[in-house]
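Colleague: Each chain is listed here by its residues.
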Amino acid sequence: MLHDKIPKILLFLVCVVLGVMISTQFRSTESANHSIAQQRAEDLSSRLKATEKENETLKEKVKSLEENTGADVKGEEITKLRADSGYTAMEGPGVIVTVDDSKVIHKPGDNPNLYIIHDDDLLRIINELRASGAEALSLNKERIIDVSEVRCAGPTVSVNNTRFSPPYEIKAIGNGKTMEGALKLRGGVVETLKMWGISVEVVQKDNISIPAFKGPRHYEYAKIKDGDAK
Amino acid sequence: MIYPILGVLLGLVLGHFLPVVPQDYMKLLSVALMASLDAAFGGLRAAKEGSYDPTIFISGFFVNGIFAVFLCYCGIRLSIDLYFVAVLAFGLRIFNNIAIIRRLYLKK
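Chains as they are written, first to last, in the working numbering: chain A, 1 to 230; chain B, 1001 to 1108.
Be aware that one or more of the hints could be misleading.
Per label pair, the in silico range of CB-to-CB distance [stated by the list, open to error]:
id : chain 1 : residue 1 : chain 2 : residue 2 : range
1  : A       : H218      : B       : S1079     : 46 to 56 Å
2  : A       : Q39       : B       : F1062     : 28 to 38 Å
3  : B       : I1080     : A       : E56       : 48 to 58 Å
Pulled from the structure, derived: some chain A residues nowhere near chain B, Cβ distances all over 12 Å [as the list claims (entries may be wrong)]:
id : residue
4  : K5
5  : C15
6  : T29
No wet-lab data here; the hints were simulated from the structure. Just so you know, these numbers come straight off a predicted model, no measurement behind them. Built from N, CA and C at the ideal position, the CB exists for glycine as well.
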């Protein structure tokens, strides 16, 4: 009797093992699907949603604050301060400087880096424009303010954390004649760049519009000095 | 016939309470699972053919499973994908057995 049952019991046990394996495998696969990559994606998307929500509420707050303050504080002074800090779009006469990578086929043995526009080339142009009285500057679509960086980021240039690739278009409002003259000085910026075949085009225009600075400004370390706050 | 089905069901329930296998060992477990499934279908076929022997079945079940896992483990260590070979071989055998079982049923 018992001897007859043994194979069946063994079969039963074997099938138990099989069942355990199937369900363990199934659950492991389920948990693997929830593993790092997916968790990260879920995490990021939830964070994005939270940030977007925060952004929305902050925008509403800004709007309501603007409406409230506009009434009792001198609007004119605010506008002037906003213009000073680059938060308003500007227009006026000036120059547009277009800079593009060299089209010259470089000679073998030459450093190809010399034929590419670098951040320091752009900075030299911007500096020259400032020195010759530029009142508002922009690079491509980004306003250049006091804290704007102009920096190589791989093959691109980053301005206000926005990346641009050549050609670069620098707009400057100011006395067009003075600025063009300053750039085209003998031995000046344009001449140096042209030596490497980098094309620099300076055009004077009667009406240039320069966009406003769109980014936020945070003061993490700097504080307004006591007594200077009104 | 009732014993195996009951066994699988009990196993599924038990497996639900066991810890999850870490990612690194999932390949090994899947190979073992394929080997066990192969042994189970082989046993079913043998039962249908009337040549079922519990000793052969049970030894085949465990030896196949353990050996497959061992081979797969060696493969991982030597960076040879024996995992695919094992899964393919067992998969082919399972389909083969299913085909024979079906024919045996139809003949009856």
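Colleague: Confirm or reject each hint.
Modeller: Cross-check of the supplied hints:
no., hint, result
1, H218/A x S1079/B: 46 to 56 Å, "holds (50 Å)"
2, Q39/A x F1062/B: 28 to 38 Å, "holds (37 Å)"
3, I1080/B x E56/A: 48 to 58 Å, "holds (55 Å)"
4, K5, "violated (10 Å)"
5, C15, "violated (3 Å)"
6, T29, "violated (7 Å)"
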